[in-house]
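Go by the hints and put chains B, C and D with the ligands onto chain A.
Chains as they are written, first to last, in this note's numbering: chain A, 1 to 295; chain B, 1 to 499; chain C, 1 to 327; chain D, 1 to 327.
These are calculated hints, taken from the structure and not from any lab test.
All values reported here derive from a predicted model rather than from experimental measurement.
Yeah, the Cβ is synthetic: ideal placement off N, Cα and C, and Gly gets one too.
Don't take every hint at face value.
Result set (SDA-like, lysine to any residue): computed pairs, CA atoms no more than 20 Å apart in a straight line [unchecked claim]: (1) A:Lys92 - C:Ala50; (2) B:Lys82 - B:Asp164; (3) A:Lys92 - C:Asn159.
Just a sample of chain C residues kept apart from chain B, beta carbon distances all over 12 Å, derived [claimed, not checked]: (4) Leu39; (5) Thr101; (6) Val106; (7) Lys130; (8) Leu151; (9) Leu172; (10) Ile179; (11) Ile183; (12) Val275; (13) Val300; (14) Val311.
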Amino acid sequence: GQSSSSEKADKEGGKKLVIGATMLSMQNEFIVNVNDEMTKKAEADGVELISIDAERSPLKQIEQVESFIAQQVDAIIMNPCEVEASSPAVTKALAAHIPIINVNSATSAKPTAFVGSDDAESGRIAMNYIAKRLGGKGNVVMMHGYMGQAAQIQREQGAREVLKQYPGLKLLAHQTGEWDRAKSMTLMENWIQSYGPQINAVFAQNDEMGMGAVKALTSAGLKNKVIVVSIDAIPDALQAVKNGTLDATIFQNAEQQGAKAIETAIKIAKGQPYDKETLIPFELVTKENISKYQK
Amino acid sequence: MSQSQEYILDVRGLSKTFSGIKALDNVQLAVRKGEVHALMGENGAGKSTFMKILIGLLKPDSGDIFFEGAPLQVKNVHDSLKKGISMIHQEILMVPELTVAQNIFLGRETTRFMPGWLDDQTIYRKANEILTQMGVSLDVRTPMKYLSVAEMQMVEIAKAISNDAKVIIMDEPTSAISDKEVATLFSIINDLTKKGVAIIYISHKMDEIFTIADTITVLRDGRYIATHSATELDTNRLISLMVGREIDSLFPDAVELGGQEAISVKNLGRKGSFSGISFTVKAGEILGMAGLMGAGRTEIARAIFGLDRFDEGEIAVNGNLVSITCPQDAMQHGIGYVSEDRKALGFIPNMTVKENITLGNLSNYTQGLFIQQKQEAKIASEVAENLRIKTHTLDQKVANLSGGNQQKVVIGKVLLASPRIIILDEPTRGIDIGAKSEIYKLIRQLTASGIAVIMISSELPELVGMSNRILVLSEGKQTTILSKQEATQETIMAHAMPH
Amino acid sequence: MKNEPTSYVNQIGNTYRLRTRGIGKYGIVLAFIALCIILSVMTPRFLTVANLVNIFTQVSINALLAFGVTFVIITGGIDLSIGSMVAVAGVVAALFAHPDTYPVIVPILMGLLAGLALGALNGFVITRTKVPPFIVTLGTMTIGRGLALILSKGRPVSNLSDSFNFIGGGQLFGIPMPILILIIAFAVCSILLKKTVIGRYMYAVGGNELAAEASGIRLNKVKMVVYTLCGGLAGLAGIVLTSRITTGQPNAGAGFELDAIAAAIIGGTSTSGGVGTIMGTLIGALLIGVISNGLDLMNVTSYYQQVVMGVIIIGAVVLDSLSQTKK
Amino acid sequence: MKNEPTSYVNQIGNTYRLRTRGIGKYGIVLAFIALCIILSVMTPRFLTVANLVNIFTQVSINALLAFGVTFVIITGGIDLSIGSMVAVAGVVAALFAHPDTYPVIVPILMGLLAGLALGALNGFVITRTKVPPFIVTLGTMTIGRGLALILSKGRPVSNLSDSFNFIGGGQLFGIPMPILILIIAFAVCSILLKKTVIGRYMYAVGGNELAAEASGIRLNKVKMVVYTLCGGLAGLAGIVLTSRITTGQPNAGAGFELDAIAAAIIGGTSTSGGVGTIMGTLIGALLIGVISNGLDLMNVTSYYQQVVMGVIIIGAVVLDSLSQTKK
Ligand SMILES: Nc1ncnc2c1ncn2[C@@H]1O[C@H](COP(=O)(O)OP(=O)(O)OP(=O)(O)O)[C@@H](O)[C@H]1O
Ligand SMILES: Nc1ncnc2c1ncn2[C@@H]1O[C@H](COP(=O)(O)OP(=O)(O)OP(=O)(O)O)[C@@H](O)[C@H]1O
Ligand SMILES: [Mg+2]
Ligand SMILES: [Mg+2]
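Just chain A, same shape as in the assembly:
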């Protein structure tokens, strides 16, 4: 679709570029951050950004892409809800000769370009950190996001890969905390009842759940005995890492993902050369390197 879009850009000459973006969920702090960076970057580069919320529904996401196609935007940025289920959106955009850029996570259908990180990587980093801290031996519990969602599946997959390498690490229990702080706090309270001091580490698939676990462990007076690691590096989590209540979080670079996504979209729309894949690595945040991440 590269050649046709460049023709269009030429035809329209100086007209302002329009980019449509559909985001996984504007109720998720990390996604909101990505979206904010995209807005900032779009403003700086003088393009119009139409950004809408797919509310975690792949169906809705497809419909939104359909409506972008009907509006004939110059490029589409999609923050996919699902690997498979959001794929038809990619196919449809490409069929309509509109470039589509996936940001943050991937779909099985290949888009024009991809900007983001590999979710499984974050699970690996987190579990590796736990393994290192426990010296490869101990009991771990895991909190899932919504079951069946792409991020949940991949973060679990990454964590399990590492668990396999450490036979001394035992997965004591795993349940869904539905990405939610209150639900995870309740779940942790119940785990404390059934396992108490047996638990050595908690891996929560996002920071919200990590914070819930920390809260429950602190109330039970167990926090200093249990390692908690989660993913996203939201401000609350960074503060907690600084205070030493959360042992580690995994930083996903919203700023870069957002900015790079817009950058790539503009390049494609203008027919300039662009990177087909921009991988932004996850970074482990602990007390040692916290100052780098907290503004």
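Frame of chain A; chains B, C and D with the ligands shown alone:
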């Protein structure tokens, strides 16, 4: 305005339209202090609509209402109750989950300690006093939903008269109660009028009107016809004012028929309700069922129709023992039932007249799954015409019909299912005199075509006039079956009294 | 007796036919048209063929669910499990829809069957026990979600055959398949409700259960039919959804029940039973679809979208109710 | 109360009318006790003081919401917006709860006020228009969610003062604050419903609206009170939740409405209005809480948890209804 001071209530030029149809057209009514003012008219004449406007449940389109000489302005029932107008509603309006006493004092609860804190103790005591005074033995702590229709009506009466009102509207207060309770009501009315309370009294029972009313106002088709002192009128004049024509003899002659035994009930009973009920009804025969309020007639009828279980006894139809566990069974054996509680069991309020009439035997107008709409409409309109159902169109919701016309719809529905045995529980409840004679004729037609009828009624003249034999109940026990010759109102009462 | 009755019945004739059910429907239609006009004025992209086709395609799934739930609500019940049934049916269909395994009719039948079975389960529990439909279907909502996760092992079931993906993504005579399915379902459901005995019985049961029973209607049969039907339509919706997103998603359909119930009620179905039409429900679903489409087109910021959405829905129904009380 | 006159009952006919307050409560209490016994046998950790305190704390938020929604359902209405009101109240409270800004009473009052205001808005629209409560509160559900996101800019509002965090996390006389709040709310709501005129009117309005109106009860006043009250309790729940997780979450409370309504109905509140008790609702909430606690304690795999949860809830209410019809 020079309203005559003697009129406590004076209504002029009142009109009310329901979606383009005039229910009331420029009607008037003037009620004096301390009188019983009867409001008469056929089913659908507009009586209830009129009264609902007075109490504030409906808003008039135009018209003036003067109360105690001043224009009456009520936004809602709360205001009119406060002003001193209260009402017994034709359709019993009760909260089923609340107790008898709580219903009686609903909206004017006594409180103690602080505003808003209920004093149920006092409510129970006062309610008990009122009911005892009325001679009704009811546990005031019983939830309302466990009461029979008759008992509910007594509670409605208690509620309205305990309100210290200046005007009490009684919209068919006696439609569900028997003579004994009617007598109680009348003595209450006498006490009230002596204290200067005005009563607006609506009833389709002519004898009641001439016993109790001082003045009579007649409505016809939503229009004012005339006001007369009761002494100026007799039954026939009143009827012709109401109906606009004469009515020939009320009870058509019975045709004696020695038909086959259609239904026989042997030793039917249910613990705590009724026992030892045995009777047979032949094809073409009418068996009357008499008893005081709560004697158990309705319960027997419900048991035969499969709405309730029974513990002992057997039922045979056409000589064959049958097992009836639900209404479908009963209907399959050719039994039809017109309930006394038409609102709960009779009709589907949101469905049209046509749909209600055909509901009981839809399968007769279907091809495959599909309803034959034309055929259905034709049959329904025949029924509606036969029974003189007053409705603007057959696609009118039954909820919007007058009470009497609703009753006709229910009867029409049951008849259309062509039962061989039909149980009529208070079939003329709330039905005007013209329609009553129609229904009597209809019942005769039914029997002439070989249908067996069990007729439950609290109106003894009706029972005596129509029945071939009368079964009398007292406190759930069958006391006797009287032949036509034996059956007089006096002998029936003698057998119905508890011993 | 043969000649047409002249007395009360026919004299008023058809003039007042509009009265009862009619106006309710017109009110919401007016609100809907008003909304469409406003949107066409505000955004030129709204009133294009492409966008209208878009809207109908998008509305189809919710409408299918809403038809089913309309039957249920008319009988005085409720079904909260439709969203989960969408997921179960979708996953089941997807499991049988891999390329070169079964002919496309198999996943379709299996998906439908899954919906019908869960619906029948609802009906069975509701008619055999006295448990309120709200609790029963809330239970099957949770159970269904669990089943979908178990069957799919918590992962999307992908790699579906082209012929299966045609159901949600293909076109026939230039019309997208979901719209065709919607049209057929609309016709069938309307006829069922308006022209058949079972439809009449639904109104009767919801209008006055006791009176319906005393008229010889078998309540349990009617309820069984209604819940099973609702399950079947949810199964169909699940198949369309799965085919449209080319994946069987165990967490698909979460929250769909509220949208479907909302469509039915906006369209005039009464929660107390006995009242409702398929046409009204379709308009309710279209109204929701148009609002959400219009807000996307006009690029309303997502947080404000929710506020505006809520206000418009209430506003539309207020308009509807005003047009009813005016008379 | 006197012994039930059986003859009267049968006269009314349908067995489900037997669902009186008394028996209904006992049935579900029995089911609840049975469940607790089974759990104590299956996992020794269940019947410990610590775990019971745990359960009550966890149940408190749902119970507060369920009390409010019990009032609403008793009057024959419904409130779907409570989950969103939790979020709005939580965010509003959090915005005023940063350390060294306002005394702790300010965030509490502001949170409550937010809930009361949204509840009053529900009541206003429901009483002024003919729009069904389902649609109105579905609208405010969406609007409320949007408001919470707008107020918080889509981000959790954290860094709250210790005194504020005490509400959900602290203890008084060794009892966790949420439990104390629950006890007080339980007492107040019970008394309101059983001992005051307004409570009586709630039953009347829901039991037979027309009869209530004909008795001079001003329906609109009662409904205003009920929806406002429900909003206030949702506001309180929002404050407790926010304090418990020490953040104002714009997406908190999503789906809470279903749990709260379920608690009320499991506890014997009838969706058709006029029936229900605060005690029953509390037991309903406890039942849900105990099931979810027990499943966690027994470490049932998460997919199966949902299936088991659904089955137990239906099972408990079946047991309840059996114990009712047996009589
Ligand atoms: N809500 C309504 N909508 C439409 N029509 C109505 C409504 N209420 C009453 N009507 C019509 O108004 C007319 C008068 O009814 P009303 O109930 O006042 O009669 P009534 O004199 O009390 O009769 P009855 O003796 O049978 O009780 C009837 O034709 C009825 O169909
Ligand atoms: N005051 C009472 N106390 C106890 N039981 C009563 C009382 N009144 C009635 N019952 C019971 O209820 C039954 C009455 O049913 P129902 O009132 O339907 O009888 P009925 O003869 O049809 O009278 P109605 O004229 O009210 O239709 C009786 O069998 C009796 O057991
Ligand atoms: Mg009347
Ligand atoms: Mg009787």
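Point to revise | Ascending list of hint numbers which this structure does not respect | key: Structure breaks hint 12 only.
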